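Going line by line, the protein sequences match chains W and P.
Mapping to the working numbering: the first sequence position 115 is 115, numbers consecutive.
Mapping to the working numbering: the second sequence position 65 is 65, numbers consecutive.
Wrong hints could be hidden among the right ones.
[Claimed, not checked] Partner residues are not named here, just some residues of chain W that face chain P (Cβ under 8 Å, in silico):
hint, residue
1, D12
2, R74
3, V303
4, P305
5, G308
6, C314
7, A341
Bear in mind the hints are in silico, worked out from the structure with no lab data behind them.
Note that the structure is a prediction, hence the values are computed from the model and not measured.
Even for Gly, the Cβ is constructed at its ideal location relative to N, Cα and C.
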Amino acid sequence: MRRLLNPLIAPDVFDFWASKVNSTWSWERPLARIVARRPEAHGAVTLVLQPNRHFAGFVPGQHINVTAEIDGVRVTRSYSPTNIPAADRRVELTVKQIDGGRMSTHLIGHTQVGDVLELGPAFGEMTWPEAADGRWLLLAAGSGITPMMSLVRAWAAACMPGELTLVYTARTQAELCFAAELRELAAREPRFHLHLLLTRESDAFAGAPYTERGGRLDADWLQQRVPELAAHTVYACGPAGFVDSARQIAGNRAARFHAEAFTPPALVDDVAGTVRVELRASGRTLELPAGQSLLAALEAQGVHPAHGCRMGICNTCACGKLSGTTQDLNTGDRDAEPNSALRICVNRACSDLTLDL
Amino acid sequence: MTQAKLNRPLSSEELDRFGAELDALRARTVAKVGDEDARYIRRIVKAVRYTEAAGRALLFAGLFPPAWILGTLLLGLSKILENMELGHNVIHGQYDWMNDPTLNGKTYEWDIVGTSENWRKTHNYKHHTYTNIRGLDDDIGYGVLRIFPEQKWKPLYLAQPLFAVIFALLFEWGVAIQDVRLGRWLKGKMSGAQLRKEFAPVGRKIRRQIIKDYVAFPLLAGPFFLPVLTGNIVANILRNLWTYMIIFCGHFTADVETFPKSVLRNESRGHWYLRQLRGSSNISGGTLLHIMSGNLSHQIEHHMFPDLPARRYAEMAPVVREICARYGQNYNTGSLPRQFGQVVWRILRHSLPSRPRREAVLTVDAPQDAAVA
Ligand SMILES: Cc1cc2nc3c(=O)[nH]c(=O)nc-3n(C[C@H](O)[C@H](O)[C@H](O)COP(=O)(O)OP(=O)(O)OC[C@H]3O[C@@H](n4cnc5c(N)ncnc54)[C@H](O)[C@@H]3O)c2cc1C
Ligand code: FES
Numbered sequence: 001m002r003r004l005l006n007p008l009i010a011p012d013v014f015d016f017w018a019s020k021v022n023s024t025w026s027w028e029r030p031l032a033r034i035v036a037r038r039p040e041a042h043g044a045v046t047l048v049l050q051p052n053r054h055f056a057g058f059v060p061g062q063h064i065n066v067t068a069e070i071d072g073v074r075v076t077r078s079y080s081p082t083n084i085p086a087a088d089r090r091v092e093l094t095v096k097q098i099d100g101g102r103m104s105t106h107l108i109g110h111t112q113v114g115d116v117l118e119l120g121p122a123f124g125e126m127t128w129p130e131a132a133d134g135r136w137l138l139l140a141a142g143s144g145i146t147p148m149m150s151l152v153r154a155w156a157a158a159c160m161p162g163e164l165t166l167v168y169t170a171r172t173q174a175e176l177c178f179a180a181e182l183r184e185l186a187a188r189e190p191r192f193h194l195h196l197l198l199t200r201e202s203d204a205f206a207g208a209p210y211t212e213r214g215g216r217l218d219a220d221w222l223q224q225r226v227p228e229l230a231a232h233t234v235y236a237c238g239p240a241g242f243v244d245s246a247r248q249i250a251g252n253r254a255a256r257f258h259a260e261a262f263t264p265p266a267l268v269d270d271v272a273g274t275v276r277v278e279l280r281a282s283g284r285t286l287e288l289p290a291g292q293s294l295l296a297a298l299e300a301q302g303v304h305p306a307h308g309c310r311m312g313i314c315n316t317c318a319c320g321k322l323s324g325t326t327q328d329l330n331t332g333d334r335d336a337e338p339n340s341a342l343r344i345c346v347n348r349a350c351s352d353l354t355l356d357l
Numbered sequence: 001m002t003q004a005k006l007n008r009p010l011s012s013e014e015l016d017r018f019g020a021e022l023d024a025l026r027a028r029t030v031a032k033v034g035d036e037d038a039r040y041i042r043r044i045v046k047a048v049r050y051t052e053a054a055g056r057a058l059l060f061a062g063l064f065p066p067a068w069i070l071g072t073l074l075l076g077l078s079k080i081l082e083n084m085e086l087g088h089n090v091i092h093g094q095y096d097w098m099n100d101p102t103l104n105g106k107t108y109e110w111d112i113v114g115t116s117e118n119w120r121k122t123h124n125y126k127h128h129t130y131t132n133i134r135g136l137d138d139d140i141g142y143g144v145l146r147i148f149p150e151q152k153w154k155p156l157y158l159a160q161p162l163f164a165v166i167f168a169l170l171f172e173w174g175v176a177i178q179d180v181r182l183g184r185w186l187k188g189k190m191s192g193a194q195l196r197k198e199f200a201p202v203g204r205k206i207r208r209q210i211i212k213d214y215v216a217f218p219l220l221a222g223p224f225f226l227p228v229l230t231g232n233i234v235a236n237i238l239r240n241l242w243t244y245m246i247i248f249c250g251h252f253t254a255d256v257e258t259f260p261k262s263v264l265r266n267e268s269r270g271h272w273y274l275r276q277l278r279g280s281s282n283i284s285g286g287t288l289l290h291i292m293s294g295n296l297s298h299q300i301e302h303h304m305f306p307d308l309p310a311r312r313y314a315e316m317a318p319v320v321r322e323i324c325a326r327y328g329q330n331y332n333t334g335s336l337p338r339q340f341g342q343v344v345w346r347i348l349r350h351s352l353p354s355r356p357r358r359e360a361v362l363t364v365d366a367p368q369d370a371a372v373a
């Protein structure tokens with residue numbers, strides 16, 4: 001069918017007409033329809049998505065880039081499925097409201113059942129290895145619970161060998177996602193050890209099992225609850241600050257440590273500083289001065305991206321920015337939007353960057 | 001009229017202020033770009049799709065003459081809209097901020113035999129950066145026509161009025177091979193292998209376009225092969241004639257100037273804006289003309305702000321015009337018949353030997369601009 005249509009119609013044109021018939025039909029783009037929504041906790045909503053056949057699926061612990069159109073602009077953010085892959089191919093995303101956040105506000109406040117989102121391929125290495133025996137420690141904070149939830153569910157569903165400990169930090173009881181399911185699993189399954197830490201609530205509201213109020217993940221606390229850290233493989237996920245402290249506490253002491261941060265790295269305001277720029281398509285990572293236009297900085301390192309005018313008008317040098325913050329040298333405007341087009345001749349790096357070059 | 005009467009030479013300090021005012025206009029406009037522009041370009045996409053579908057459907061009934069005529073006109077209209085308001089503007093990266101892969105300047109492929117890739121080089125880069133600089137902007141006469149007296153006359157140019165008509169009919173083909181440097185190959189400066197390599201992507205695009213318009217759709221019509229084929233040919237020609245007319249009006253009217261390479265030496269931003277102004281001309285008219293010309297009717301604004309959504313030029317134009325007036329600069333605009341009349345006159349006049357006027361003077365205190373002609 002596609003071979004027959006190919007000489008007649010370009011993929012974009014096909015998509016235009018196909019979407020008139022069914023909003024998730026597409027030549028090759030992975031699209032998904034929201035089929036259900038449910039509140040998961042205070043300020044968090046779970047969206048159940050039904051992808052079209054172009055979505056290749058995910059493995060528990062991975063993330064997916066999700067794109068929605070907000071005020072005419074397609075905005076992309078990463079989210080981690082919280083369910084486990086099943087025959088219906090559905091994907092469940094749990095989105096936490098971030099104050100002033102563009103995508104989270106849109107997904108929680110403005111999407112409805114029936115709306116269509118675009119998905120990217122699943123990525124991430126925080127997954128169960130082939131032989132997942134031994135002892136595992138999962139450290140999660142805030143929305144960092146999402147990939148961990150998928151891992152826990154996969155562990156429980158497959159009756160995996162080994163011991164699993166989950167330490168999940170949230171601000172308040174009301175903000176805990178999946179609390180009932182986790183407590184129920186901990187009560188039923190002796191090899192699953194659960195610790196729910198609430199940073200903003202004191203003991204006054206005590207009562208719920210496995211929950212510690214006013215607790216904070218630090219070295220002493222961990223030493224008490226998980227004495228044999230050296231025998232554990234540790235996964236950590238949450239805001240950058242949390243991931244940094246998890247790395248400090250457990251990075252060197254655990255058998256293996258892997259962490260993924262959900263917030264962007266710090267900005268380099270010092271124009272004399274340097275940033276790490278990963279060129280995804282050519283598989284190189286370079287240390288570049290932050291003060292110069294990216295084009296000039298790359299050329300100084302012997303990389304020669306396509307360019308023309310060198311003054312921001314011809315668009316020849318535009319490339320995809322996958323992540324990081326840049327600054328327009330003409331206007332001084334900053335752009336932290338991931339997955340957007342970037343003219344490297346008139347922009348400098350303000351943080352570590354990943355470019356599609 | 002002489003250039004000095006039209007345009008007051010500016011001091012470099014005046015030029016800086018001129019540039020700063022245009023930069024400020026740019027910043028004010030950038031701040032407004034958003035939802036409205038996104039909805040507009042999506043409506044244009046819709047119009048392109050629906051007119052194409054309706055045109056092709058009518059052509060399938062093309063044995064009936066009114067259906068053939070209407071079908072051909074609709075298909076031509078669709079191609080014009082697609083090439084100009086959609087393709088040309090999208091390829092400039094005007095809508096890159098939407099992050100929509102189907103409207104991305106680096107990947108958009110338009111419905112014309114030339115590849116977007118070559119266009120990005122000859123047009124976005126060379127023509128827009130080196131606008132009307134002789135020896136750098138290949139769009140000056142497209143290498144086949146003598147439009148300016150500064151181009152060297154050869155007896156061959158006597159046949160130019162005829163060439164110009166053929167070139168108009170085949171405009172998309174001219175654009176397609178503009179960057180394939182046949183001339184260099186003919187002169188033996190490029191090997192056959194190199195030429196084949198440069199031609200390969202162009203060849204693929206040409207094949208795709210020919211198969212689509214002249215084989216696949218006509219075959220799909222079965223017994224009505226011929227009306228569909230002729231309708232497609234005529235629609236492509238209509239598009240060629242219209243785009244040729246609009247594009248030529250943008251840079252080849254009477255008062256437009258060309259520049260020597262020396263203007264590039266230490267060119268300031270204000271100077272660059274001034275060169276865009278002096279090398280471009282607008283076409284006055286209503287909304288329909290602006291949309292159908294992809295807003296190239298606002299050629300001056302387009303050259304000053306090639307990466308802003310073109311629908312914004314209409315609201316910027318009065319401000320640009322007012323700024324130009326304050327700095328004593330001619331704002332070249334006129335109706336389509338007037339501007340195209342001047343183009344036709346240039347084509348006819350410069351097919352015969354002609355001598356350049358005194359070189360244009362852009363600034364008062366940069367002697368290299370007043371280079372001898
Ligand atoms: C690999 C990966 C997986 C992710 N999985 C999930 C997930 O499953 N569920 C989920 O809810 N989120 C997840 N996130 C975070 C998500 O991608 C967005 O960053 C988040 O939804 C905020 O986007 P926004 O557009 O609402 O905020 P933006 O408009 O981008 O940001 C607004 C402000 O909030 C700050 N901010 C951004 N993210 C956070 C955050 N997580 N915590 C605190 N402040 C923040 C920004 O620095 C900025 O100042 C994941 C992130 C990554 C990198
Ligand atoms: S090189 Fe022309 S826009 Fe960057």
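Hints and how they fare:
Of the supplied interface hints, the one on D12 of chain W holds, with its beta-carbon coming within about 5 Å of a beta-carbon of chain P, less than 8 Å. Residue-level restraint check for R74 of chain W holds (minimum Cβ-Cβ distance to chain P is 4 Å; threshold 8 Å). Among the interface hints, the one on V303 of chain W is violated; its C-beta lies about 18 Å from the nearest C-beta in chain P, farther than the 8 Å criterion. Hint status for P305 of chain W: violated, given a least beta-carbon distance of 12 Å to chain P, over 8 Å.
Interface restraint check: G308 of chain W against chain P, minimum CB-CB distance 3 Å, threshold 8 Å, status holds. Using the Cβ-Cβ criterion of 8 Å, the hint placing C314 of chain W at the interface with chain P is satisfied: the shortest such distance is roughly 4 Å. Taken as an interface hint, A341 of chain W checks out: its beta carbon lies about 4 Å from the nearest beta carbon of chain P, inside 8 Å.
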